[in-house]
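> Here is what each chain is made of, one letter per residue.
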Amino acid sequence: MTTIRLSLATILLVCLALQGCATQPASLYQWQGYENNVDAYFRSDKLSPQAQTQLMEEDLQKIQASGGIVPPGYYAHLGLLYGQQGNLDQFSLQMQAEKKQYPESETFMDFLLRNFKK
Amino acid sequence: MSWEKYTKVLAAAFVFLIMTGCATKPPFDYTAYKENYPRSILVLPPLNNTPEVQASYSVLSHATRPLAEAGYYVMPVTLVAEAFKENGMTQPADMHATSADKLQKIFGADAALYITITKYGTVYRVINSETLVTAEAKLVDLKTGKLLWTGVASASSEEQQSQQHGGLAGLLITAIVNQVIASTLDQSHQIAKNSTTRLLSAGLYNGVLYGPRSPNFGKDGKID
Chain A
8 MTTIRLSLAT
18 ILLVCLALQG
28 CATQPASLYQ
38 WQGYENNVDA
48 YFRSDKLSPQ
58 AQTQLMEEDL
68 QKIQASGGIV
78 PPGYYAHLGL
88 LYGQQGNLDQ
98 FSLQMQAEKK
108 QYPESETFMD
118 FLLRNFKK
Chain B
26 MSWEKYTKVL
36 AAAFVFLIMT
46 GCATKPPFDY
56 TAYKENYPRS
66 ILVLPPLNNT
76 PEVQASYSVL
86 SHATRPLAEA
96 GYYVMPVTLV
106 AEAFKENGMT
116 QPADMHATSA
126 DKLQKIFGAD
136 AALYITITKY
146 GTVYRVINSE
156 TLVTAEAKLV
166 DLKTGKLLWT
176 GVASASSEEQ
186 QSQQHGGLAG
196 LLITAIVNQV
206 IASTLDQSHQ
216 IAKNSTTRLL
226 SAGLYNGVLY
236 GPRSPNFGKD
246 GKID
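First to last, the protein sequences are chains A and B.
Letter by letter, the first sequence follows residues 8 to 125 in the working numbering.
Letter by letter, the second sequence follows residues 26 to 249 in the working numbering.
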């Protein structure tokens, strides 16, 4: 019986060891393809700005439909994509959306609106 | 050795592994971090000390998620890069050399994260080729210029392969398959994700602390 109990203890410890040092809390945000889109933007040889915008808009609808929270920088990046296609109205709207959801972004969003809105 | 004794030794070994596994380094001093607790973090495009051109933006594209999930607002990385470009800066070294005061004025972030990539890419060998990404980071308070936190992390393709036992033939097949995958550069990007997530996630020993947007804010060290 001791042996069995000890084996169980061993198995439990193995599980703990495999699990690592910290249990991760549930995700705060819904990311969808955001990181891939940021990567595509930086590589700039994979997808056109139009295609990137469309992916971001589709993901945004998925996030909103499921009641998830849009991650930091998401609106702002979408605004940048619109801005690069000359759509300054959408650029402003998305920067305002970022600022509204994340007041921490205010200084930078205002800087961008001042400098790129012309 | 009897089975019972063997089990006892094994159990003891695992307890030892768990206790030493995470905590081999002395604990980081979080005094300055806690005195200047940042709400928002500006991640500067990483300094790349490797020959691989894609390294900087590959790591940067993975940096937002772990920090945001840790509970911080992360300045939009693509717009940060564009803002620097508008000011005539395309090299991460120039961006890193910008004064804390100026960064604070433009971006309004509480702290800046300076990442340096020291290893990025694949080393080809006969039996196995290894993809390795190593990055270090410094978190600096932009109001006082104080260093809040520093850390280093690596990730390797070998971590996934070390469990495979297939004899020499198996090893050779793995090596060929790996070289094909690795040559696409996408493997490096994937390993960069593991490395960056390890470097910038909260809840890890000597890692960044949970930020104000996390339900675990202020509970570091109490939930491990």
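Rather than coming from a laboratory, the hints here were simulated on the basis of the structure.
Quick caveat, the model's predicted, so the values are computed rather than measured.
Warning: the hint list may mix true and false statements.
[Stated by the list, open to error] For lysine to any residue, the following SDA-like pairs were computed, each having C-alpha atoms within a straight-line distance of at most 25 Å:
| no. | chain 1 | residue 1 | chain 2 | residue 2 |
| --- | --- | --- | --- | --- |
| 1 | B | LYS110 | A | ASN43 |
| 2 | B | LYS171 | B | LEU72 |
| 3 | B | LYS130 | A | ASN43 |
[What the hints assert, rightly or not] Residues from chain B that keep clear of chain A, each with C-beta distances beyond 10 Å, as calculated:
| no. | residue |
| --- | --- |
| 4 | LYS50 |
| 5 | LYS59 |
| 6 | GLU60 |
| 7 | GLN79 |
| 8 | SER83 |
| 9 | THR89 |
| 10 | ALA93 |
| 11 | TYR97 |
| 12 | GLU111 |
| 13 | TYR139 |
| 14 | ILE152 |
| 15 | GLU161 |
| 16 | GLY170 |
| 17 | GLN212 |
[Unchecked claim] From the structure, some residues in chain A lie toward chain B, with a derived Cβ separation under 8 Å:
| no. | residue |
| --- | --- |
| 18 | SER34 |
| 19 | TYR36 |
| 20 | ASP46 |
| 21 | GLN61 |
| 22 | LEU62 |
| 23 | GLU64 |
| 24 | GLU65 |
| 25 | PRO78 |
| 26 | TYR109 |
| 27 | PHE115 |
Built from N, CA and C at the ideal position, the CB exists for glycine as well.
> Take the hints in turn and mark each one as holding or not.
These are the hints, each one checked on the structure:
no., hint, verdict
1, LYS110/B x ASN43/A, "holds (22 Å)"
2, LYS171/B x LEU72/B, "holds (20 Å)"
3, LYS130/B x ASN43/A, "violated (30 Å)"
4, LYS50, "holds (13 Å)"
5, LYS59, "holds (19 Å)"
6, GLU60, "holds (19 Å)"
7, GLN79, "violated (8 Å)"
8, SER83, "violated (7 Å)"
9, THR89, "violated (6 Å)"
10, ALA93, "violated (5 Å)"
11, TYR97, "violated (8 Å)"
12, GLU111, "violated (7 Å)"
13, TYR139, "holds (18 Å)"
14, ILE152, "holds (27 Å)"
15, GLU161, "holds (20 Å)"
16, GLY170, "holds (18 Å)"
17, GLN212, "holds (14 Å)"
18, SER34, "holds (6 Å)"
19, TYR36, "holds (6 Å)"
20, ASP46, "holds (4 Å)"
21, GLN61, "violated (17 Å)"
22, LEU62, "violated (14 Å)"
23, GLU64, "violated (16 Å)"
24, GLU65, "violated (18 Å)"
25, PRO78, "holds (6 Å)"
26, TYR109, "holds (5 Å)"
27, PHE115, "holds (5 Å)"
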